[in-house]
Structure formats: C-alpha cells, structure tokens
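Please model the complete structure; the sequences and the hints are all you need to start from.
The listed protein sequences derive, respectively, from chains A and B. Each step along the first sequence adds one to the number in our numbering, with nothing skipped, and position 108 is 108. Each step along the second sequence adds one to the number in our numbering, with nothing skipped, and position 282 is 282.
This list has only true hints and no planted wrong ones.
Here are the simulated distance ranges between beta carbons: (1) A:Leu33 x B:Val122: 50 to 58 Å; (2) A:Gly450 x B:Glu84: 25 to 33 Å; (3) B:Leu250 x A:Val4: 29 to 37 Å; (4) B:Glu84 x A:Ile37: 40 to 48 Å.
Over 12 Å on every C-beta distance to chain B, these chain A residues come out as not near it, computed from the model: (5) Ile34; (6) Met207; (7) Phe236; (8) Leu239; (9) Leu394; (10) Gly458; (11) Gly462.
No wet-lab data here; the hints were simulated from the structure. Glycine residues also receive a C-beta, built at the ideal position from the N, C-alpha and C atoms.
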Amino acid sequence: MSTVALFAQLKLRLLAGNLRGDVQRTIGFVFSLIAAIGVAGIGFLLMSLLRLAPDDIASSLVIVAFTFFLIGWMIVPLLAFGLDDTLDPAKLWLLPLPTGRLAVGLFTASVTGVWPVAILIVTFGALAGLASGVGGFLLGVPAVLLQFALCIVTSRLITTALSGVLRSRRGRDVLALSVLFVVVLAQLPNLLMNQGFSDPGTMLRQMAAVLRWTPPGMAAHAIADGGLVGLAELVFVALLVVVLAWLWVKALGRALVTPDASTQAASVRRESGLVDRVLPDGPLAAVVTKELKYYRREPRFRVGWFSAVFVTAMLAFSLTRNGPGGEGLPVVLTAFGALMIALQSGNAFGIDGRSLWMNAVAFGSERDLATDLAGRHLANAVVAVPLIAVLAVLGGLFTGHPAMIVPAALSGWGALGLGLGVGSVTSVVVPYTVPERMNAFSGAAPGQGGLAFVSSIGTMLGIALLSLPFVLPVVFGWVWVCVAAPFYGLLAEALGRRLAARIGYARLPDLLAAVSKAS
Amino acid sequence: MADAVRTHGLFKRYGPQVAVAGVDLVVPAGSFAGLVGPNGAGKTTTLSMITGLLRPDGGSAEVDGFHVWRDPVQVKARIGVLPEGLRLFERLSGRELLLYNGRLRGLPKADVERRAGELLAVMDLADAADKLVVDYSTGMRKKIGLAAALLHNPSVLFLDEPFEGVDPVSANTLTDVLRRFTSSGSTVIFSSHVMDLVERLCDWVSVMSAGHIVAQGPLADVRGGRSLNQAFLDLVGGPRGQGQAGLDWLGARTGAHPGEHPGARTGAQPGEQPGARPGGQP
Numbered sequence: 001m002s003t004v005a006l007f008a009q010l011k012l013r014l015l016a017g018n019l020r021g022d023v024q025r026t027i028g029f030v031f032s033l034i035a036a037i038g039v040a041g042i043g044f045l046l047m048s049l050l051r052l053a054p055d056d057i058a059s060s061l062v063i064v065a066f067t068f069f070l071i072g073w074m075i076v077p078l079l080a081f082g083l084d085d086t087l088d089p090a091k092l093w094l095l096p097l098p099t100g101r102l103a104v105g106l107f108t109a110s111v112t113g114v115w116p117v118a119i120l121i122v123t124f125g126a127l128a129g130l131a132s133g134v135g136g137f138l139l140g141v142p143a144v145l146l147q148f149a150l151c152i153v154t155s156r157l158i159t160t161a162l163s164g165v166l167r168s169r170r171g172r173d174v175l176a177l178s179v180l181f182v183v184v185l186a187q188l189p190n191l192l193m194n195q196g197f198s199d200p201g202t203m204l205r206q207m208a209a210v211l212r213w214t215p216p217g218m219a220a221h222a223i224a225d226g227g228l229v230g231l232a233e234l235v236f237v238a239l240l241v242v243v244l245a246w247l248w249v250k251a252l253g254r255a256l257v258t259p260d261a262s263t264q265a266a267s268v269r270r271e272s273g274l275v276d277r278v279l280p281d282g283p284l285a286a287v288v289t290k291e292l293k294y295y296r297r298e299p300r301f302r303v304g305w306f307s308a309v310f311v312t313a314m315l316a317f318s319l320t321r322n323g324p325g326g327e328g329l330p331v332v333l334t335a336f337g338a339l340m341i342a343l344q345s346g347n348a349f350g351i352d353g354r355s356l357w358m359n360a361v362a363f364g365s366e367r368d369l370a371t372d373l374a375g376r377h378l379a380n381a382v383v384a385v386p387l388i389a390v391l392a393v394l395g396g397l398f399t400g401h402p403a404m405i406v407p408a409a410l411s412g413w414g415a416l417g418l419g420l421g422v423g424s425v426t427s428v429v430v431p432y433t434v435p436e437r438m439n440a441f442s443g444a445a446p447g448q449g450g451l452a453f454v455s456s457i458g459t460m461l462g463i464a465l466l467s468l469p470f471v472l473p474v475v476f477g478w479v480w481v482c483v484a485a486p487f488y489g490l491l492a493e494a495l496g497r498r499l500a501a502r503i504g505y506a507r508l509p510d511l512l513a514a515v516s517k518a519s
Numbered sequence: 001m002a003d004a005v006r007t008h009g010l011f012k013r014y015g016p017q018v019a020v021a022g023v024d025l026v027v028p029a030g031s032f033a034g035l036v037g038p039n040g041a042g043k044t045t046t047l048s049m050i051t052g053l054l055r056p057d058g059g060s061a062e063v064d065g066f067h068v069w070r071d072p073v074q075v076k077a078r079i080g081v082l083p084e085g086l087r088l089f090e091r092l093s094g095r096e097l098l099l100y101n102g103r104l105r106g107l108p109k110a111d112v113e114r115r116a117g118e119l120l121a122v123m124d125l126a127d128a129a130d131k132l133v134v135d136y137s138t139g140m141r142k143k144i145g146l147a148a149a150l151l152h153n154p155s156v157l158f159l160d161e162p163f164e165g166v167d168p169v170s171a172n173t174l175t176d177v178l179r180r181f182t183s184s185g186s187t188v189i190f191s192s193h194v195m196d197l198v199e200r201l202c203d204w205v206s207v208m209s210a211g212h213i214v215a216q217g218p219l220a221d222v223r224g225g226r227s228l229n230q231a232f233l234d235l236v237g238g239p240r241g242q243g244q245a246g247l248d249w250l251g252a253r254t255g256a257h258p259g260e261h262p263g264a265r266t267g268a269q270p271g272e273q274p275g276a277r278p279g280g281q282p
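Laid out in structure tokens, this is it:
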C-alpha cells in the first residue's frame, strides 16, 4: 500500500513540478484538464444514453468502444510520450525495490493522471448504459475495472517491452516515422465513408460479431449478459490480465539489465559527389549536399515529405470520388501539393535546431545567410520539382483532363517558388524549435505551439494570396496565364530569400535562441 | 603584442537575473588561457557573447582588435568555437560534418578534404569517420567538434568545457592538439571546472564568480604561491569550515537505521540495504 501511495505522490509531484513557473505549460495543462473533464462527462453521458437504444445495437457499440479503448491505450502513449520519467523503468532501477513492487508502483503511476481517470469514468458509463438486472451490475463493476486494468497492463507491457528500443537512436527514428501511421489512421473514417457503406447498422453488427470474442469485447458482453456466460468471460479476462501482468513484470526485470547498444551503428556510404559535378565548389554546394543527406537520414524530414504527398493524395481522392471534376481541378490539386511541400520550408532552421550555431559562427554577412537559404531551396527543388510533375501527370490522368497536365505542372512549380519565398521570410520572422522526439500531436517545443501555429498559418495565407494571380485565371479558363507561373515563383523566391537574409542576419542570435529551445 | 580578446563591461541579463555583470576579460595573444568559475558564474554566457552567438545587453567585445558586433566578417573568419552541449549536425558523419563546415566557410573542397583527413587521423577518429555523429560518444563528439573548430585555421579558439565527460585518452589527444596550436602563436581560451587541468595547461587564468571577473593574469600571479585550487576557493569564497554539521548519520554503521527518510525502506532485500558496503563483490 505504501508503494501505491509513494508512486501516486511521485507522479503528482512530477505533474506539479512540470508546471511550476511556466505560464504556457500551466495554461496547456488547464486546457488539457478541461478537455479531460469534458471527455469524461460527455463520454459517460453518451455511454449511459445507450440505454435508450435497442439492446443489440447498444451492446455492439460498447463492444466496439471497449476494443477501441484498448487499441488507444496501446498506441497513444507510444506516440505521444515515448517514455516519461515515471514510466521509464531505467529511471527507477536504482531504488531498492523488488520487481513486483516496482510493477505495482509503475501501475499506480500510470493510472494517476487526468486522462486515465477520465477514461475510467467513460468506461463506467457502459455500466450505466448496458447493465440490466442485479447480475448485470454485479458483473458490471468488475468488468469495467478489469477492462481498465487490461488497458493499463497492456499499455505498460508494450512500453516496457519496447523501452530498450525506445531509448536507442534507431528505435526513436522508427517511432518518429510511426507518426505517419496516425496521419493515415486519421483519414481512415474518410476512406470508409467513401466506400459508401449503405447501412451503418449492418457494418456495426459485423464488426461487433468479430470483436465480441476479443478480451475487451468479452468484458463488454459480460456487462450486457449478466449471467453465467458473462461470469465465465470475466474469469477469462481476469486470467488474461494476470498473465499480461506477469509478462510485464518479466519484461520489466529484463528491461532493467539490458544495455543500450545503439552506438554500434553501421557506417554511412561516402558521398558520390553528384551535387559537386553540377554546382561550383563553395558554400552553396555544401548546403545542398547537407540538406539532401538530411532529407534521407532525418526522420522529421521523411515524415514531412510523406505527409505532404499523402495529404495531397487524400484531397485528390475526396475531390474526385463524385466523378471527374472541372478542368481546373488538376491545377488546384498540383498547386495544393506544392503548397504542402513548401510548408515544410516555413520553418527552415527548425530542424537544424541546436546545431545552427555552426552556421551562425561562419556567417559574417547577409550574403552568407542568403546562400544558405538558396542551398536549402535548391535541395528542396531537386526533390520537389519532379514530384510536382508526377502529381500533375497523375492529377491530369485521374480527373480525365490530360490536356491540363502541363498547365498544372507549371502552376505547381510556380506555387513551390512562392512557397519557398514566403517560407524563407516566416523562417526568420517566427522561427521555432522542432522537437527531436516527434510527437504526433504537436510540432513544436513546449511553449512554442502558438509560434508554430502562427508560422504555418502565415506561410499558408502568404502562399495562397500570392498564388491567386495565376491559379484563379487558370481555374476560369485562361490557361495560358500559367506559362508565367514558374517565372513568377522564381521571382518570389529570389525576393523572399533576399528579404529573409536581411531580416534574418540582423537577428541571427535571436533566431539561434528560438530554434535551440530544449524539447 | 596586442590582446587576442578584450571585453569592456560586457553585460547580460535573463529576466530579473543578471548572468554577466560587466565583464572586462583580457587574454593576450598566443596564450593558453583558462576561464574558471563555479557553476552559474557566467562563463558560457560570456563566451557566447564574445563569439557572436548571443547579443549582449551592454558592453563591447573585441577579437584581434576587431569589434565582434560591428565587424563580424573579420571576427568570424578568425575564431573557432566549440560551444557547450555538443550541438552538432547529428545526421552527418564525422567526415561529412567537417566537409560541410569547411566548405560553408568558402574553403575549396580539395583543401577541406585533405585537412579533414589529417584532423580525423590526429584525433584518432579515422575508424569512426563515416559513422553518424548522432551515434558518437561524448569524447568523440568533443574531438569532432574541436576538429570542426580548427578546420579553417583560426587564430583564436574558444572552447566551452572541452574536457567535460571526456575519457583520459581522448583528453590527452585534445591537449596535444591544443598545445601544438598555441605553440604556433595562436590563442586558446577554454572554460573548465578542473583546476588541475587548468594549472597544467594554462599560462593565463581568468577567474569568474557571480558574473564578474574576480582575478585575471598570468597563472603564477593568480596562484600566488598556493595551488590553483586553493587560490580559486579563496577567490570565489567556498566553504571554509568543516561543512558537515547535520550529517552525523553518514558513515554510521550501528545496525539501526537512524531517522526516517523516504529512500530507506525497511524490509527491502538485505543485499540492497543502504548499509551494504560498496565493493562487496559476489
């Protein structure tokens, strides 16, 4: 019992210590608290309202909901937090605690918090919505608690089993890429809707019929059943929780003594010097070479590029599913894709982050910064120009307007140039730190979320406004206008780069400080 | 000969806290200078302001007679920097990092390649040259950072805690390279807590405390017949008495656990009792 109290206190202290003296984090916490209370209240209400629905629909919904809770507990902690101090066994292994007590302590730490309590309340909503008769309530309370315990233990088992991986550099790289998974997952309902299920009721019944035999499904079914079958199901779930807990204790014992082997990494290939064959020797070639390497090796870049293409594909998919669109559609789509790609340059120095000093001590004039930006733009264009051409071709073919491929590509390139120009200005005006450890729910260091928001909105508005002069005429049929688009984009890029160099060089130390925030 | 570094009333505050309160740092050209001071004395802030990475709130700094904030081109070509915290381009290999750094400063690629190869060999990094910096150990990072700082042959080298967390072998490599560098008439300024090291390497010492320079000059003058460690403690006002009141329990081995503090839990496994002797091999 003292272990439970101790770890609950530890978690609460960590929560409080995290907030002390930091207004932005406190505000963030208050919002999170309000959101959790809202979720708990509304979730409980919705779940209890199931009482009004027909029995089979209600129980099917609860089965599906319980399964999603479990999946959520498995995935979200990994994506959102990686490891926090209370959850990383390595932080605690010097304490003279036997593994069993450590497990109890970590369990306590993971249920102490705003969100676990909110989820527990929502889960209890199922009891209000589903249980019938004395048996239902008698079985319902342990069923809800077991479901909750199952979620926690499974989630802990996964983070502990992966904790060795999560501490290594390669593991964190892979985890960073799993952010993509969330991007894809967020589009899943959209895709499903597009499939056009004629009857959501049938779909629900089909899903529930399968999920009913999963452990969370059994817990949900036990509440609705309330009889001997329910009892048997609960016994099974309880056994499963015990087995998972035992596995977790074993994994914990192993995680404590397994070393981190991440530094024994393989070498990288020596460069082929392709860039040097095309560009004259000098800083520009150096920057282009470095940026192209970063596109390949830095997970944050890989996520950025993939997301840009994926979001564009999704937009294309949803715009074209009701038959081929108008003639302007390929142009709009390609320009949108270029916008998404260019948005990555809206905070050009963010990913360099704390290493940017190396550039800062070398740059003695505005010209040097302008060269740096030019190198970054060139590297971006090396990837983006062919990519935009592919987008234009695909857009033209799928919408049934192959004649629009060339105008679409021209507009896309123009939009890219605009984006790079606008992006270089926002990069120096509202720079912010991109955290090392990617988090699916925030793209900026703690306390800089507002800046990140201003930056991306600013870039987006800037690009959108400046691209109207050629996108609008094309949409209305004056296709020839887009011949000028690449030149317009090039002009915007050159002007934006020079303006950014002038502003950025004057505030180089501030720029450095803004992208070097601890994350 | 002129001074390599000279600052006048350098001043920086973070909110209400004054980090550097009017520092007049002087380092003669060609010296191996140590900047020492307790944690929080303002060493890093001072070095950042002299190297142009942090804008001072007041005062001025000159390197080789050039004003840091008015004549950055001249200053930046003359200085090499190794900041605290090992912040490097992590996703480049050691060799690529040197190539990038040299070419960014406008050196021809062929020259940079030759220099990088030699530096990597001297720093004993040849085997790790094609591994990513993100996978380097602390000592390797300090060495590749120093190599990057030396690449353009600066005349003044600023190193912030270059020996922190570095193993003796790597530290020896670092000091060899730095000695060679100063013997050719160039200047090294480094910050450190390790008095023995400063005493061994430096011929010029500046002592900082609470944002001020409290002593500065040739090593022998600052030391004044004492060991540098004692001189330092006298200067910054370390604890003079036996600061052990209230630690009676420390080292007591009477069997009973005195006091109830949260770390000591009765009933834990016997082998992990706080009373267990260190070094008790199985």
